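Just so you know, the protein sequences line up as chains D and R, in that order. If you're matching positions, the first sequence starts at 3 in the numbering used here and goes up one per residue. If you're matching positions, the second sequence starts at -10 in the numbering used here and goes up one per residue.
What the hints contain is simulated information worked out from the structure, not anything from laboratory work. Every value quoted in this text rests on a predicted model; they were computed, and no experiment measured them. Even for Gly, the Cβ is constructed at its ideal location relative to N, Cα and C. A couple of the hints might just be wrong.
Among chain D residues calculated to face chain R with C-beta under 10 Å, some are [to be verified]: (1) Asn4; (2) Leu19; (3) Ile22; (4) Leu26; (5) Ala87; (6) Val128; (7) Gly262; (8) Leu267.
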Amino acid sequence: MNHWIQQHPLTFAGLLLWAIGIILLMPARNGASKRPSPVALGLTGAGLAAFLAGFGRTDAALVPELLFWIFSVGALAGGVLMITARNPVYGALWFAVTTLCTCGLFLTQSAPFLAAATVIVYAGAVIVTFLFVIMLARQSGSAGYDQKSQNAVVACISAFLLIGAITKTLQTTSVDFPRPVIASAEDQKLSGSAENAAAEEDSEPKQESAGTSAAGLAMSSTSVQLADPEDLAVAAATPAPVPNQLSKADANTPVGSLRGLGRSLFSDYLFAVELAGTLLLVASIGAIAIAPRREEGAL
Amino acid sequence: MNSSTPMTPEELRTLMVAAGLFILGAIGFITRRNLILLVLSAELMLHGVSLSLVTFGRIHQTAEGQAFTIFVLTVAACEAGLALSLVLSLYRQVHSLDIRLWTELREPDVQQPPSDDSGDSSSPESAYVGIPRLTPAGIAPRAVPGEASTTRA
């Protein structure tokens, strides 16, 4: 613990400042302050920046670096302002900002379809309905319960202990977890027909296809590492049982491609997709049944 | 088949942003008293989980992380719909979104939370008199006697 703090002072100080800033930003118990104090805002911002800067420099290019900073700072700052908003309408709007920034982070993590789907579902449906309900249930003036928070100090301490533990675990575990190598088309051909390889009459076209698939790999994904031939031979000799083989990315479907996502969803997780559809149906029926009827009177 | 490489700094910091979103949602869920903000805080926690899943999927080079995130999205949509109708029906009974009005489900040995709504709010909920309604206007529709009798029969 002490060792970790000495190694990452910036991260630790950032977490501490962030927690103190959130405690100060929370709606006060006496309800005296209508708007957040600039000191608390500055503390939170400084803590956030120190927390993010504490992870060291990366060797990414300028534009991905810039995009990451914009989206992550936007997401976290929007989240802070959402949970400390005095007005629930502003809270919902800050939640929309956080959602959009999270979609930007999805894009940087090579998930373009998810980014689009999240924008449509959240910004298009969830936020709008929440705003409707807030304005429907809203009287003139601000309600008293929005001006006071409960258990702010205890909640912040426990939550930041949690994120501190996560940070320390992620930073200090030196697990070299096995990073899968994307199997090329050549590899699949080898593993699929090992006995045909013994007969081996067309070595010339195979070489050609290996060259093209390697070029496709280098173009499609940046983090692909080509396995050396000994590993390929071992893999062909003893094909390991891989669960959910169709979810793995390969040369034709890099991670994040719509093709790979659809293949995973509708092959490995087909039953779960059906269950999700049933869940949507049941939830919509339940929501209609629970919601107050019009003949029961207005709100 | 497998080559070992540690997590890159990009993946590490994206995971930490996801953890930050999660704990922000947790803090909001515990501290706020507005029912709608509670539901929004739960959605914020789901955002953090989704970002983690996407990053894990990218680390392991599979589409499973994104497939799971689609299920998270589905469950979040169901949860939002159900939560909104629950909030509406709760609001109909007490005309307030305060979570402290719903403490009857607590364990019997847990003490009642202090009721601190002692007149320090700018406009308390008791000022509620009802939503204004439109006054009836226009011509009343003419009733056709034969039609009414046929519908009754």
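- Item | Hints that the structure is at odds with (numbers, increasing) | Numbers 1, 2, 3, 4 - these are the hints that the structure violates, sorted from lowest upward.
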